[in-house]
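Student: For reference, the chains in residue letters:
Protein chains: 2
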Amino acid sequence: MARTAITPTREENYPEWYQQVVKSAEMAEVSPVRGCMIIKPWGYALWEQIQKQLDEKIKDVDHDNIYCPLLIPLSFLEKEAEHVSGFAKECAVVTHSKLVKGDDGKLVPAGPLEEPLVIRPTSEAIIGDAFARWIQSHRDLPLRINQWANIVRWEMRTRMFLRTTEFLWQEGHTAHATADEADEESKRNLQVYVNFVQDHLAMPVIKGEKSPSERFPGATATYCIEAMMQDKKALQAGTSHFLGQSFAKALDIAYSDDQGHRQHVWTTSWGVSTRLIGGIIMVHSDDDGLMLPPRVAPLHVVIMPIIHNEADQANIMAQCESLAQKLREITYHCAPIRVKIDANIEQGGRRAWNWVKKGVPIRVEVGAREAADNSATINLRYTPYKEKRTCSQALLIAEVVETLDNIQHHLFQRALDFQKAHTKIIDSHEDFYAFFADDNKEGHGFALAHWNGDAAIEEKIKQDLKVTIRCIPVFDESAEAGICPFSSEISPQRVIWAKAY
Amino acid sequence: MARTAITPTREENYPEWYQQVVKSAEMAEVSPVRGCMIIKPWGYALWEQIQKQLDEKIKDVDHDNIYCPLLIPLSFLEKEAEHVSGFAKECAVVTHSKLVKGDDGKLVPAGPLEEPLVIRPTSEAIIGDAFARWIQSHRDLPLRINQWANIVRWEMRTRMFLRTTEFLWQEGHTAHATADEADEESKRNLQVYVNFVQDHLAMPVIKGEKSPSERFPGATATYCIEAMMQDKKALQAGTSHFLGQSFAKALDIAYSDDQGHRQHVWTTSWGVSTRLIGGIIMVHSDDDGLMLPPRVAPLHVVIMPIIHNEADQANIMAQCESLAQKLREITYHCAPIRVKIDANIEQGGRRAWNWVKKGVPIRVEVGAREAADNSATINLRYTPYKEKRTCSQALLIAEVVETLDNIQHHLFQRALDFQKAHTKIIDSHEDFYAFFADDNKEGHGFALAHWNGDAAIEEKIKQDLKVTIRCIPVFDESAEAGICPFSSEISPQRVIWAKAY
Numbered sequence: 004m005a006r007t008a009i010t011p012t013r014e015e016n017y018p019e020w021y022q023q024v025v026k027s028a029e030m031a032e033v034s035p036v037r038g039c040m041i042i043k044p045w046g047y048a049l050w051e052q053i054q055k056q057l058d059e060k061i062k063d064v065d066h067d068n069i070y071c072p073l074l075i076p077l078s079f080l081e082k083e084a085e086h087v088s089g090f091a092k093e094c095a096v097v098t099h100s101k102l103v104k105g106d107d108g109k110l111v112p113a114g115p116l117e118e119p120l121v122i123r124p125t126s127e128a129i130i131g132d133a134f135a136r137w138i139q140s141h142r143d144l145p146l147r148i149n150q151w152a153n154i155v156r157w158e159m160r161t162r163m164f165l166r167t168t169e170f171l172w173q174e175g176h177t178a179h180a181t182a183d184e185a186d187e188e189s190k191r192n193l194q195v196y197v198n199f200v201q202d203h204l205a206m207p208v209i210k211g212e213k214s215p216s217e218r219f220p221g222a223t224a225t226y227c228i229e230a231m232m233q234d235k236k237a238l239q240a241g242t243s244h245f246l247g248q249s250f251a252k253a254l255d256i257a258y259s260d261d262q263g264h265r266q267h268v269w270t271t272s273w274g275v276s277t278r279l280i281g282g283i284i285m286v287h288s289d290d291d292g293l294m295l296p297p298r299v300a301p302l303h304v305v306i307m308p309i310i311h312n313e314a315d316q317a318n319i320m321a322q323c324e325s326l327a328q329k330l331r332e333i334t335y336h337c338a339p340i341r342v343k344i345d346a347n348i349e350q351g352g353r354r355a356w357n358w359v360k361k362g363v364p365i366r367v368e369v370g371a372r373e374a375a376d377n378s379a380t381i382n383l384r385y386t387p388y389k390e391k392r393t394c395s396q397a398l399l400i401a402e403v404v405e406t407l408d409n410i411q412h413h414l415f416q417r418a419l420d421f422q423k424a425h426t427k428i429i430d431s432h433e434d435f436y437a438f439f440a441d442d443n444k445e446g447h448g449f450a451l452a453h454w455n456g457d458a459a460i461e462e463k464i465k466q467d468l469k470v471t472i473r474c475i476p477v478f479d480e481s482a483e484a485g486i487c488p489f490s491s492e493i494s495p496q497r498v499i500w501a502k503a504y
Numbered sequence: 004m005a006r007t008a009i010t011p012t013r014e015e016n017y018p019e020w021y022q023q024v025v026k027s028a029e030m031a032e033v034s035p036v037r038g039c040m041i042i043k044p045w046g047y048a049l050w051e052q053i054q055k056q057l058d059e060k061i062k063d064v065d066h067d068n069i070y071c072p073l074l075i076p077l078s079f080l081e082k083e084a085e086h087v088s089g090f091a092k093e094c095a096v097v098t099h100s101k102l103v104k105g106d107d108g109k110l111v112p113a114g115p116l117e118e119p120l121v122i123r124p125t126s127e128a129i130i131g132d133a134f135a136r137w138i139q140s141h142r143d144l145p146l147r148i149n150q151w152a153n154i155v156r157w158e159m160r161t162r163m164f165l166r167t168t169e170f171l172w173q174e175g176h177t178a179h180a181t182a183d184e185a186d187e188e189s190k191r192n193l194q195v196y197v198n199f200v201q202d203h204l205a206m207p208v209i210k211g212e213k214s215p216s217e218r219f220p221g222a223t224a225t226y227c228i229e230a231m232m233q234d235k236k237a238l239q240a241g242t243s244h245f246l247g248q249s250f251a252k253a254l255d256i257a258y259s260d261d262q263g264h265r266q267h268v269w270t271t272s273w274g275v276s277t278r279l280i281g282g283i284i285m286v287h288s289d290d291d292g293l294m295l296p297p298r299v300a301p302l303h304v305v306i307m308p309i310i311h312n313e314a315d316q317a318n319i320m321a322q323c324e325s326l327a328q329k330l331r332e333i334t335y336h337c338a339p340i341r342v343k344i345d346a347n348i349e350q351g352g353r354r355a356w357n358w359v360k361k362g363v364p365i366r367v368e369v370g371a372r373e374a375a376d377n378s379a380t381i382n383l384r385y386t387p388y389k390e391k392r393t394c395s396q397a398l399l400i401a402e403v404v405e406t407l408d409n410i411q412h413h414l415f416q417r418a419l420d421f422q423k424a425h426t427k428i429i430d431s432h433e434d435f436y437a438f439f440a441d442d443n444k445e446g447h448g449f450a451l452a453h454w455n456g457d458a459a460i461e462e463k464i465k466q467d468l469k470v471t472i473r474c475i476p477v478f479d480e481s482a483e484a485g486i487c488p489f490s491s492e493i494s495p496q497r498v499i500w501a502k503a504y
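Order-wise, the sequence lines are chains B and Z. Counting in our numbering, the first sequence runs from 4 upward without gaps. Counting in our numbering, the second sequence runs from 4 upward without gaps.
Among the clues, some could well be false.
Identical chains blur together in the list; that is why a pair holds if it fits in one copy or across any two.
[As the list claims (entries may be wrong)] In silico SDA-like pairs for lysine to any residue, Cα to Cα no more than 25 Å straight-line:
#1 Lys60 <-> Ala152
#2 Lys26 <-> Gln139
#3 Lys60 <-> Trp151
#4 Lys463 <-> Gln22
#5 Lys389 <-> Glu492
#6 Lys104 <-> Glu492
#7 Lys343 <-> Glu324
#8 Lys62 <-> Ala152
Since the hints were derived computationally from the structure, they do not count as laboratory data.
This is chain B alone, in the form it adopts within the complex (with noise of 0.2 Å):
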């Protein structure tokens, strides 16, 4: 076996190898802070790629962001009563507003509050509230907005980036005159995502609607999207609610018609979160660690001067820079190649293994050999580590955006074969069970079978293979009905179950 720069392998233990990819790309870690992570300069600067790209999807559909208080009245909250209750069991209550000594000399809480605040577990109360001043009239709608924001929910287990007691995140809230309007508007910011998400991030998704038993507290429909991650597990990648009247009626967030009648409006909410970056490894990484797409890497190429006599230095270093130079002239989605020089020639093979570990797109070396032609030696993340070419550094610039481009669609087309290998369509219930059983090493990943809609059925299957639907795909036109293989009874369409993080 070839050495590998992550142990275990994905093989040998795949939840241990995502933890070791996590680490040796030096992008989280575990903070003193329970079920919260600090998230690393590496792990951060893909995390405001994201941002900034997304950001920019979210102002094209005219969406303003804005900033809302991260407290929440205790009341606002519970004025939802599905909402409510979705949330109640890990809400962060800050009961106390300072902080005195007590007998003992130990600091203790003192200026408890009338109102206990919760810290947002999601931001439609508080929101809603706001909506409900600035809507008076059908001038006013349709309303949409935007927040970035940090978030907390007590979780039980965590992992990081998958699921963590606090969270960064990106919610949009939108209200709208009538259901067919938020609706529509709901299933349009899906698609922003399905678009972000697989173009940006690389990352093949099925689009749905969850099952009523895995929607959002307090929505009518929650549409979402799922990725296959290498385990074949489904991952839950954002998800878009059409809330229907729950929160403008407990909100009282009402608009005059025309003809002046109070109507309460139609609202939504959308969100994708700091999980986008466990999708983004668990998609993509190998056994020698991170692998990032190009379009959200925070380097596209590292440079690495090669110097065994100091003799060539000068010259060496001049063409790095100057090699580094021409690449951050050149525009790739609207934005300079990012390009970093490493003479940290001290740190020997650890110096190339780090951007190995971290995932950079391409590695680039130029020692004597190379300068004494112009040329460079190349290694690009997806290709095993040894795999290099030569070639003129104008060659490199030349194609360096058509390289990138290239990556970029090769790891979404690897994991999208990948999504299908391990996609099976299933009619028995005897298949369905075989296909999740623990021992079945082929099986596992999506299983498209028909479900009659009851949700008994879905608890048991969940009680007894802990797999769940993931999503109704029911924007696929081609679906058609048949029979449940759980209950014979009639299906309107197979959905897709799957173990899920």
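Fit chain Z to the supplied structure of chain B, relying on the hints for placement.
Tutor: Positioned in the frame of chain B, the structure of chain Z alone reads:
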């Protein structure tokens, strides 16, 4: 008197004028959460410009962005005694992790935490804990990180942007091997603020050091920038702290020096917040509302088609679109000119006033007359509302960058002239008290007076006049020693006294 858009005027009631500028520009509103505000689209778009432009400067001085937890265990905060006592009176404390139904059916906090968590009032304690893990060897130094985050301090008296319970900020944190290097770092980062606030926000500032009584809790030295508002009060616009070894020792942040001996590091921190928006408002705006410095304005140019006859509409709109497109192709300080066409002609006169109140630097009208000869009628926000000139669209395009730069320069110079006109050298106790007397309309502003360094004098003046030492201009090389008028003792240099926000 000419009509003004804002009631009351600055002259009539400055604090209320401020609130009305915020309101009429739709920048923010008071939220139902005590002491917190909702930052609305126009205010948030301004913050996005500030954040983006300052972030570039922070990266230029080698800070990497990270994200640390919102919640700090009480035991962490307690480690540095001076630090915690400085913040204990204004801490939001999380004591419970869920909500359950009480006997009356109402939700009550449950799941009490073993250790209370404090919502970060600043992050030295939690980032210092990370530094203690990340720093092992002298090769790990210097370490420079930055974080964009929300902060909660339970303030008793709040005012939008200037002092709110929750606010947004940036906090840089660094660690160094020597005291000199750390002190130099904190001075260098102060200079980043001087350049940013003066060049981008057009706010002239005076830089200096805080007196010991005004230092950040736990700091050895606090450097700051102070700006003069139009009511002649000072606003502390940014601070940079040399923290000595107080946090390094409290949190055991240490490295092995090149002899292998364990040494505590020297740390610094530096921050600016959404308070800067309050500064922009109070320095530049007038009785017609907000006035934005072009560098950070969310929009540079608003184009308003003026349509009286439907027959003209197509031609006028086409010219507006073409003009907007050509302007957007122009680069102003490394980004495209930000242009909007406002075609809401049914709003009548309110349409133009809306943009006046929002402070957009350049307002352009294109009506039938202008469309006939490809001209445009222009008003610059800093000139009177009715002061318009008509020029060719070609000239507007050719000169737009110069025009924006001129406006930027004009705003800065006007504010600097105001600051200088209201800064007075004072040498006697009597003159000092007269300068700050409530009924002295010509007085107030910045008083440059000697001070012997006695905190008791500082405290008495604060009690008598609500005047504090804003800073000791330690970077002013022309400073000379003299006699303190309050003690008749030797004073090393004049200090700046003022009332402050």
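Student: Please go over all the hints and tell whether each is borne out by the structure.
Tutor: Cross-check of the supplied hints:
1. Taking CA atoms no more than 25 Å apart as the test, Lys60 paired with Ala152 passes in both settings, with 17 Å inside one copy and 23 Å between copies.
2. For the identical chains of this complex, Lys26 and Gln139 are inter-copy neighbours only, at 17 Å across copies versus 51 Å inside a copy, given an alpha-carbon limit of 25 Å.
3. Taking CA atoms no more than 25 Å apart as the test, Lys60 paired with Trp151 passes in both settings, with 14 Å inside one copy and 22 Å between copies.
4. Taking the closest pair of Cα atoms, Lys463 and Gln22 never come within 25 Å of each other, the shortest separation being 31 Å inside a single copy and 58 Å across copies.
5. Taking the shortest Cα distances, Lys389 and Glu492 never come within 25 Å of each other, neither inside one copy (56 Å) nor across copies (75 Å).
6. In this assembly of identical chains, the alpha carbons of Lys104 and Glu492 never lie at most 25 Å apart, being 67 Å within a copy and 40 Å across copies at closest.
7. In this assembly of identical chains, Lys343 and Glu324 lie within 25 Å of each other by CA distance solely inside one copy; the values are 10 Å within and 40 Å between copies.
8. For the homomeric pair Lys62 and Ala152, the shortest alpha-carbon distances inside one copy (16 Å) and between copies (22 Å) are both at most 25 Å.
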